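Novice: Chains A and B are the protein sequences, given in the same order. For the first sequence, the working numbering assigns the number 1 to the initial residue and increments by one for each residue that follows. For the second sequence, the working numbering assigns the number 1 to the initial residue and increments by one for each residue that follows.
Treat the hints as calculated values from the structure; they're not laboratory data. Please read all numbers here as calculations on a predicted model, not as lab measurements. Incorrect hints may have been included.
[To be verified] Straight-line distance between alpha carbons at most 16 angstroms, and here's what the computed EDC-like set of lysine to aspartate or glutamate pairs gives:
#, chain 1, residue 1, chain 2, residue 2
1, A, 216, B, 121
2, A, 16, A, 123
3, A, 145, B, 233
4, B, 116, A, 222
5, A, 216, B, 284
6, A, 231, B, 296
7, B, 220, B, 187
8, B, 175, A, 151
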Amino acid sequence: MKVLVPVKRVVDYNVKVRVKSDGTGVDIANVKMSMNPFDEIAVEEAVRLKEKGVVTEIIAVTCGVAAAQDILRTAMAIGADRAILVETDVELQPLAVAKLLKALVDKEQPQLVILGKQAIDDDCNQTGQMLAALANLPQGTFASKVEVTGDKVAVTREVDGGLETVSLSLPAVVTTDLRLNEPRYVTLPNIMKARKKPLETIKPADLGVDVTPRIKTLTVAEPPKRGAGVKVADVAALVSKLKNEAKVI
Amino acid sequence: MTALVIAEHDNAHIKGATLNTVTAAAAVGGDVHVLVAGHNAAAAAAAAAQIAGVTKVLHADSAALAEGLAENVAAQVIALASGYSHILFPATASGKNVAPRVAALLDVAQLSDVTKVISADTFERPIYAGNAIATVQSGDATKIITVRTTGFDPAAATGGSAAVESVAAAADSGKSSFVGREVTKSDRPELTAAKIIVSGGRALGSSDKFMEVLTPLADKLGAALGASRAAVDAGYAPNDWQVGQTGKIVAPQLYIAAGISGAIQHLAGMKDSKVIVAINKDPEAPIFSVAADGLETELFTAVPELVAAL
Numbered sequence: 001m002k003v004l005v006p007v008k009r010v011v012d013y014n015v016k017v018r019v020k021s022d023g024t025g026v027d028i029a030n031v032k033m034s035m036n037p038f039d040e041i042a043v044e045e046a047v048r049l050k051e052k053g054v055v056t057e058i059i060a061v062t063c064g065v066a067a068a069q070d071i072l073r074t075a076m077a078i079g080a081d082r083a084i085l086v087e088t089d090v091e092l093q094p095l096a097v098a099k100l101l102k103a104l105v106d107k108e109q110p111q112l113v114i115l116g117k118q119a120i121d122d123d124c125n126q127t128g129q130m131l132a133a134l135a136n137l138p139q140g141t142f143a144s145k146v147e148v149t150g151d152k153v154a155v156t157r158e159v160d161g162g163l164e165t166v167s168l169s170l171p172a173v174v175t176t177d178l179r180l181n182e183p184r185y186v187t188l189p190n191i192m193k194a195r196k197k198p199l200e201t202i203k204p205a206d207l208g209v210d211v212t213p214r215i216k217t218l219t220v221a222e223p224p225k226r227g228a229g230v231k232v233a234d235v236a237a238l239v240s241k242l243k244n245e246a247k248v249i
Numbered sequence: 001m002t003a004l005v006i007a008e009h010d011n012a013h014i015k016g017a018t019l020n021t022v023t024a025a026a027a028v029g030g031d032v033h034v035l036v037a038g039h040n041a042a043a044a045a046a047a048a049a050q051i052a053g054v055t056k057v058l059h060a061d062s063a064a065l066a067e068g069l070a071e072n073v074a075a076q077v078i079a080l081a082s083g084y085s086h087i088l089f090p091a092t093a094s095g096k097n098v099a100p101r102v103a104a105l106l107d108v109a110q111l112s113d114v115t116k117v118i119s120a121d122t123f124e125r126p127i128y129a130g131n132a133i134a135t136v137q138s139g140d141a142t143k144i145i146t147v148r149t150t151g152f153d154p155a156a157a158t159g160g161s162a163a164v165e166s167v168a169a170a171a172d173s174g175k176s177s178f179v180g181r182e183v184t185k186s187d188r189p190e191l192t193a194a195k196i197i198v199s200g201g202r203a204l205g206s207s208d209k210f211m212e213v214l215t216p217l218a219d220k221l222g223a224a225l226g227a228s229r230a231a232v233d234a235g236y237a238p239n240d241w242q243v244g245q246t247g248k249i250v251a252p253q254l255y256i257a258a259g260i261s262g263a264i265q266h267l268a269g270m271k272d273s274k275v276i277v278a279i280n281k282d283p284e285a286p287i288f289s290v291a292a293d294g295l296e297t298e299l300f301t302a303v304p305e306l307v308a309a310l
């Protein structure tokens with residue numbers, strides 16, 4: 001069985017981004033870029049399914065600028081077999097990415113698509129669900145456990161109040177939550193091997209998809225600053241402040 | 001211009017997040033209708049009709065809608081979508097699950113986690129874990145929105161008297177089925193609705209210590225319990241307690257962070273709390289940059305002292 005793993009190149013999770021002074025966006029020049037952490041979990045899950053013998057081929061795909069090849073190499077170093085870059089300089093919004101992925105699902109016919117539940121840059125949490133809808137597939141979002149049995153996949157989902165399990169007919173789309181697995185460290189020999197794995201580059205037009213953004217960003221601003229408070233001397237002072245000044249208890 | 005709010009409910013009751021979503025829908029400026037899609041959900045539909053500001057409740061009832069499966073609920077919304085300029089979901093696990101499916105099927109973009117309505121087509125939403133606020137404008141005919149509940153006050157749960165209209169239920173997709181649910185049972189207030197939250201981090205050291213130290217404080221304050229990602233990953237606290245960028249977004253009156261260093265991803269989930277108290281022995285912990293009151297001390301002694309002093 002073939003698995004498609006869409007991944008996104010984002011500002012590294014350790015970087016605190018700065019809003020540009022002209023209010024047009026955040027400054028990502030010279031900032032460390034990495035694979036979206038949830039997508040790394042998706043790649044790891046696909047590799048584990050391959051190690052269990054459930055999966056035969058893993059295709060990593062990303063949509064974006066030429067530099068996004070880096071994270072495809074990372075995905076292949078974790079264990080993806082080949083990669084596809086849908087290259088464009090246009091700002092891609094989730095609906096456009098979902099349409100590109102739908103075209104690739106039609107072409108590659110994977111039984112499973114595993115991707116992160118959310119990218120940590122735009123925090124949209126949309127692409128997996130949109131892809132599932134466009135491809136008319138069932139979805140298991142926010143997965144903390146994935147079990148493939150025959151032509152079904154059981155997905156345990158992290159929901160408000162606990163966990164929920166759904167059973168989906170394959171092919172299906174799964175989006176990953178934090179507790180699904182802990183991605184392995186990439187080793188140097190595997191990085192070397194990944195360099196030799198095939199990476200195909202195509203354009204959105206090759207897939208017949210219009211990626212024009214639908215949502216216009218008017219401004220990007222700093223959030224209201226929250227002044228750092230005071231350090232109180234002891235518990236008694238704290239209780240007194242909470243009771244008498246803040247009046248919250 | 002009419003907005004449709006997709007209610008979050010358990011077939012018997014309307015969940016609180018629905019009320020904040022109604023407020024956001026009203027801010028758009030037209031009539032507000034509410035969809036209750038469920039099974040044997042007449043009680044939930046009747047409750048929705050009581051929400052102040054709601055002019056009509058649509059009630060779709062079938063076994064296929066019982067467990068809120070995204071495929072079926074999305075199909076239900078699509079069947080009703082043509083009459084609406086805006087369709088709003090609470091940005092909860094279930095709203096986030098369904099809304100993008102609806103948007104994609106309508107071929108429109110989605111506005112996620114909206115915190116402010118500027119006009120009928122322009123909204124504010126946080127990006128980069130809340131480190132930037134984007135003002136975005138949608139040119140699509142239908143606006144699909146998920147509403148960050150902390151950005152809007154809840155509408156009054158009573159006082160309205162909307163008509164309840166039954167609508168034909170969408171068919172089962174046949175591609176997904178509900179297997180089961182493990183709900184954390186608790187007498188405490190729900191995390192996203194609590195007025196006070198006591199939250200613990202990795203410094204607690206173990207699941208036993210987490211409960212032993214923080215439970216008495218939460219009990220005393222009638223607070224909900226929360227946790228940092230590090231504490232959840234380490235198994236000290238259940239997953240649905242996680243507060244942060246990709247967990248729960250909370251804004252209680254009082255947030256007490258014990259042994260939480262305050263990674264940006266955690267701050268993203270709680271920095272809109274009215275008063276933040278940090279208890280941490282590390283003077284450099286980033287949590288002190290947002291805390292109104294910081295207590296730089298060992299939490300294992302400070303928390304019991306606090307319990308005794310309350």
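Novice: For every hint, state whether the structure bears it out.
Specialist: Hints, one by one, checked against the model:
| no. | hint | result |
| --- | --- | --- |
| 1 | 216/A - 121/B | 10 angstroms, holds |
| 2 | 16/A - 123/A | 15 angstroms, holds |
| 3 | 145/A - 233/B | 14 angstroms, holds |
| 4 | 116/B - 222/A | 15 angstroms, holds |
| 5 | 216/A - 284/B | 39 angstroms, violated |
| 6 | 231/A - 296/B | 7 angstroms, holds |
| 7 | 220/B - 187/B | 13 angstroms, holds |
| 8 | 175/B - 151/A | 11 angstroms, holds |
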